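Asker: Letter by letter, the chains look like this.
Protein chains: 2
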Amino acid sequence: MVVDALTDEEVNRIFRALADATRRDIVRRTLLADISVSSLAHAYDMSFAAVQKHVAVLEEARLVTKEPRGRERMVRGVPERLRQAQRLLDDLELIWRARTDRLDALLSESPPPEKG
Amino acid sequence: MVVDALTDEEVNRIFRALADATRRDIVRRTLLADISVSSLAHAYDMSFAAVQKHVAVLEEARLVTKEPRGRERMVRGVPERLRQAQRLLDDLELIWRARTDRLDALLSESPPPEKG
DNA sequence: GTAACGTACAACTTTATGGTTGTAGATGCG
DNA sequence: CGCATCTACAACCATAAAGTTGTACGTTAC
Numbered sequence: 016m017v018v019d020a021l022t023d024e025e026v027n028r029i030f031r032a033l034a035d036a037t038r039r040d041i042v043r044r045t046l047l048a049d050i051s052v053s054s055l056a057h058a059y060d061m062s063f064a065a066v067q068k069h070v071a072v073l074e075e076a077r078l079v080t081k082e083p084r085g086r087e088r089m090v091r092g093v094p095e096r097l098r099q100a101q102r103l104l105d106d107l108e109l110i111w112r113a114r115t116d117r118l119d120a121l122l123s124e125s126p127p128p129e130k131g
Numbered sequence: 016m017v018v019d020a021l022t023d024e025e026v027n028r029i030f031r032a033l034a035d036a037t038r039r040d041i042v043r044r045t046l047l048a049d050i051s052v053s054s055l056a057h058a059y060d061m062s063f064a065a066v067q068k069h070v071a072v073l074e075e076a077r078l079v080t081k082e083p084r085g086r087e088r089m090v091r092g093v094p095e096r097l098r099q100a101q102r103l104l105d106d107l108e109l110i111w112r113a114r115t116d117r118l119d120a121l122l123s124e125s126p127p128p129e130k131g
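Protein chains in written order, with this note's numbering: chain A, 16 to 131; chain B, 16 to 131.
No lab work stands behind these hints: they were computed from the structure.
Only a predicted model underlies this, so the values are computations on that prediction, with no experimental measurement involved.
Please note that the accuracy of each hint is not assured.
As the list claims (entries may be wrong) - Pairwise CB distance ranges (calculated):
1) B:T80 - A:R86: 30 to 36 Å
2) A:L121 - B:L121: 52 to 58 Å
3) B:A36 - A:E108: 14 to 20 Å
4) B:A65 - A:R86: 43 to 49 Å
5) A:R112 - B:E74: 20 to 26 Å
6) B:R84 - A:A113: 34 to 40 Å
7) A:A113 - B:T22: 39 to 45 Å
8) A:S54 - B:D106: 29 to 35 Å
9) B:R84 - A:L47: 47 to 53 Å
Unchecked claim - Away from chain A, derived, C-beta distances all over 12 Å, residues of chain B:
10) K81
11) G85
12) A120
Virtual Cβ for every residue (Gly too), placed ideally from N, Cα, C.
Start from the sequences and build out the full structure, keeping to the hints where you can.
Answerer: Here it is in structure tokens:
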């Protein structure tokens, strides 16, 4: 059952967000534990604003969420979104498998049971 | 056993390549069957050169390969590369699972067997 | 209250992306 | 051969991405 079909634009954002090593690292850290934007920023050799932007990209892709906690914003990874991304790759692989299955059928013992 | 660890740059290219609807469609088609660049180009409302560029991006990400066949270049999807991408997402999900497992352990019957 | 901290946001620069057109080189066909 | 097809590649344009600095504002701590 399809819970929520992703639009092309959403898929674009998800993969685009994952196409950067810093952002992938942020996803890793925020899956491990909630962490504030400033704590994240300390981990990388770039400005606070740059890290802030990376978090924003991840947030637009819904790969992380931000939750206010005092003066900080705690960032949290969203595993559901990762699973959605996996499904997209699964779907592609299924296409491949269908092709090989078709080929296997052709090469197997019996000729096609019906023909034109 | 790790067959071939991907560099950050390779991972970037893979996800970047997948972050475009046209390119994802090209991957689908080339997983289904080998198809020439010009045949691909007919399928989209853009110039041949544009499609050529998309194929080049996918080729640099090693998501497809090109094989000369007469005057055509047959494009073929590379399912192994998709599986590598899946593994990357799997690894991230594992991090999440480790976190929940830790939490489950804390919340389960017995208190931690050792403490500070 | 004031100072320090954490964040938000705007402006700007540089580089990459996604598209175009145009030209030229191979290959296949009549 | 001569022509159409398929591809490669360069040049160009518009827009987006990734980084910077600077400013402003809410929250916490003293």
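Asker: Hint by hint, which ones does the structure fall short of?
Answerer: 1, 6, 7 and 8
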